[in-house]
Amino acid sequence: MGVSLTRAAQWTTATSGSGKLESTPMNEFLLKKILCFVEQFTSQHPQEAEHVFEEPLQWSTTLVASDFQTGYDVSDWAVQSCEKDSEGQPLLQLSPPNVYVRSFGQLSKLVHMADERKLEEVRTCLEENRDPIAEILGSSFATKLDRDEVCLDVLSLKDEVKEEGSAADSSDVKVKLFAVLQNMDKQILSQILGEISEQVRLDATAVKNEVELLKQFCSGGEKKVLKSLRYTSDFEFPNGCRAPPWRQVLGEICYLVIEPCDTETLYITSSTAGVFLNEGRKQEGDESGYERISDIYKDLMTLLKSRSPHFADNINKQVFVVQEPLTIQRIPHVELVDGEEQGQLQKSYEQQKKNVLEKPKQQHTSNKAGAEKKYEPCLRWRNLGLLSKCGAENTKPSQSSGEKKKRLRPGAKSKIRGEFTVSSSPRCLSSQKMKTSAGAVHVEFFSESSTESEEEEEQPERRPESNTDLPSEYWQIQKLVKYLKGGDQTATVLTLCAMMDFNLMQETCQLAIRDVGGLEVLINLLDTDEVKCKIGSLKILRKISHNMQIRWTIVDMGGLQSIVRILDSPVKDLKALAAETIANVARFRRARRTVRQHGGIKKLVKLLDCVPNLADPSTNLEKNVEVARCGALALWSCSRSTKNKEAIRKAGGIPLLGRLLKSPHENMLIPVVGTLQECASEENYRTAIHTEGMVKDLVKNLSSNNDELQMHCASAIFKCAEDKQTRDLVRKYKGLQPLVSLLGKAGNKYLLAAATGAIWKCSISLENVTTFQEYKALEILVRLLTDQPEEVLVNVVGALGEFAQIPTNKATIRKCGGIKPLVNLLTGTNQALLVNVTKAVGACATDKDSMTIIDQLDGVRLLWSLLKNPSEDVQSSAAWALCPCIENAKDAGEMVCSLVGGLELIVNLLKSTNNEVLASICAAIAKIAKDKENLAVLTDHGVVPLLAELTNTTDDRLRRHLAEAIGHCCVWGSNRASFGEAGAVAPLVYYLKSKDSSVHQSTAMTLYQLSKEPNNCITMQEKGVVKPLIHIMGSDIEVLQEAAAGCVRDIRLLALANKKACLFI
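Going by numbering that gives the first Met the number 0, the residue at position 591 of the sequence shown is 590; the numbering climbs one at a time, nothing skipped.
No farther apart than 16 Å at their CA atoms in a straight line, the calculated lysine to aspartate or glutamate pairs in the EDC-like style are these:
hint, residue 1, residue 2
1, 929, 893
2, 223, 312
3, 748, 706
4, 649, 682
5, 222, 312
6, 223, 258
7, 695, 727
8, 226, 211
9, 19, 130
10, 622, 608
11, 661, 608
12, 992, 954
13, 642, 681
14, 889, 930
15, 931, 886
16, 32, 119
17, 19, 119
18, 889, 857
19, 867, 903
20, 819, 778
21, 304, 294
22, 214, 258
23, 622, 572
24, 1011, 1041
25, 1011, 980
26, 748, 786
27, 531, 572
These are computed hints drawn from the structure, not numbers from a lab.
Can you make the complete structure from the sequences, with help from the hints?
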């Protein structure tokens, strides 16, 4: 998708971004390889498949809304994926005919949905996204992938990205994804080149012999037929070709420059199909130089005869002398490096801006003998096996890593000498930083790697193909910006007013302001003393900051610091505008960090303090409320950072948010509740929400007519209801019925997910479950088990698991047809969903009628298969669910025996290091071991020593189920003696000192089973088991009394037998 696409693919128009892929065998091969790669990506690279692209891949698709099923929010014609990024944006969005995809996971799903059209979808996607790597990883990574002088090592790249300040988790995934794409590129290119090499080797030799023969005609004084003949590259590959690899795949062998005596210089391409004239590559990166501009001739001699009459007349007069071919030393591909700068920074502001956007040009110079050259090997070609041993020996050391990391100055560029080189086309530097001060403009270029792995950083720009594509507004705004630069105060205010007359929400208008340097001027106006200029500037910045690229540029220019300073202004309009602008800009991590580091959080919290003062005019009250609303909006954006949440709390933001929560205005409540629900992920906030009395207001707003407000209130309750006090308060303030009523808005998936989440968490309290049943919530939840996105299903199934704790509800779920969809969900891949589904199925399995249905639907086998899931949470949840299934199945022993390899899998999980997994597996073994045949198989698989190894645990939950498993395993063969030999008896005695009565019960019963082995009785006696057992004998539980008494009896009988034996001796 990188080099293989840009260089090996055959395009109809090489110089235009709108070119199409030709219908050639080579392109078909490429498309099938890329399609196969995308289809298998999710299964082979699940972590990388979740990575969110820097910018979505966009193309015109043939898919329609009806093609999308589970996992997507489908309207009449549009589609959104239920999977979202950290900013809440869908990872796939269909707005016919365009589709926008932001992760490989969604891309793989889309390709599968396309079915027979999948190859055409891939073709269209690549045609409309000519540089997909830049959109997936950012322009800096695309540049790294495209560089010829280095084949990046993953570990060194990871260190480089970390040094640049990227978040560790994000940078690791990016580097892994980069390595996967790089490896795929190399494999495809190597496969293509291998096939081509087999085809062109003989032809390359023929071309070489003909060239050596023609070189004889370049001498002879006045009688010479040709002035000169030379290759454009001195490097020769082992297959005899001199063309770059991405041109070799097109069948091209080498490029020649021939000067006839009577015509202009000829630039010639020799290929497997013949020879033809090309345009002559004038500069690096100009792929048009390779294009054919003449007919194809069978050999060089025929072409020269048709183009040069002098050659045609004199060639037959020449005496051909057969000579040995000249020996050509093969050296690695080289790039000529010249430290000379090309181009200077212009002094005027407009020229500087132009230079920033334009790519530095390279001069086209000829290869001259004797010229000083610095050779650098291309390591990528070496890795592809393209260098001969001879070439490798002549390789000089490549540029040091320290030199590669130097920042380039504007206009500085290495010169490449020679008409054709095989180095990659240069890219524009990935980012730039500008700041105006004292009338001067300072331009700083950063290195090509991303400075920070963020949601919106390093996004490639979308620019029209030519100036003719730009609307008239673009040029009108640019004229206004020029007036803005040179006018006085009055002219500045009038110009700002004129700019606001345009539709500044349109991307063309936004980029017009930036392209001509308007952002610098607007930011500079924020540092003036003129209030009207500041207001006008902020009004424009507030609108254009909805653009992702504008937000990023504002932060790079230091504009966010100026906006934060305005929050201290006594002018309320200024504070409101500044806060709203911060709310737009702070949508990515670096911006949020900048706000915090410059004291913006404290200033924004102060804006919330707008206690009404009756002495103030009503206008001032309205302004106070508007300032507080904008402050809440800004805090909402900033609260996506964990450190910012803590900063808001320390600044006293919680009580102020609680006060604003009582506002009657919805436009105030939405950002306030949005901030609270964002912060409710922290325990300190959850505690404060119920201690400050906010739960009552959240419940009240559940009955609002605004869906967005209802969604945020439900989401806040969802997060806060982890605490029992909050769950009780929701019931106390009659919030359960509004939550059930929200289930009727099934068309709003975001609201439905929040409502079902709140119901799930509230149902953890059985008192709430009883109340929910009064409103028929269970029946509604069962109906939501189908045709819903995973975000909703996780919550619905979680709620059903809690409802099923009440026996009557299990029958209700069965009667409403809920068992089948629950079992069907066991085949999913969402781990959170699987945890909840297994819990719900396990709860339903305690009902024998429901268990019969689960068994008929092969639910037990599906549960058992989840024990192989890599998630420990899924493993433990599945094992807990198996316990009631085994206990309530009609023929449990036969059912377990039918699962091939199931018992071995159970035993192997005893090697886990997770106590929850171990406890659940021990509980399952206790149920399985009730069948003697299955117990025999468990013993053969080595269950005894593995259980014995776990006895030293201090986890009471694990102790209880471990003791129970050991007790049930004792009834087979010599297992009692084996447990004693494995050292399991002594630790079990210490279990009796636990404060958990359930541990006492299971341990006493296990010690009773072990006491039937004499050696075990001796160990128990030595460890002092008798005294605690005598205490347990006084328990009210009859089974526990009998077990303790039986164990003491066995110990006493052994002691008496030993005493009698001694008397007879």
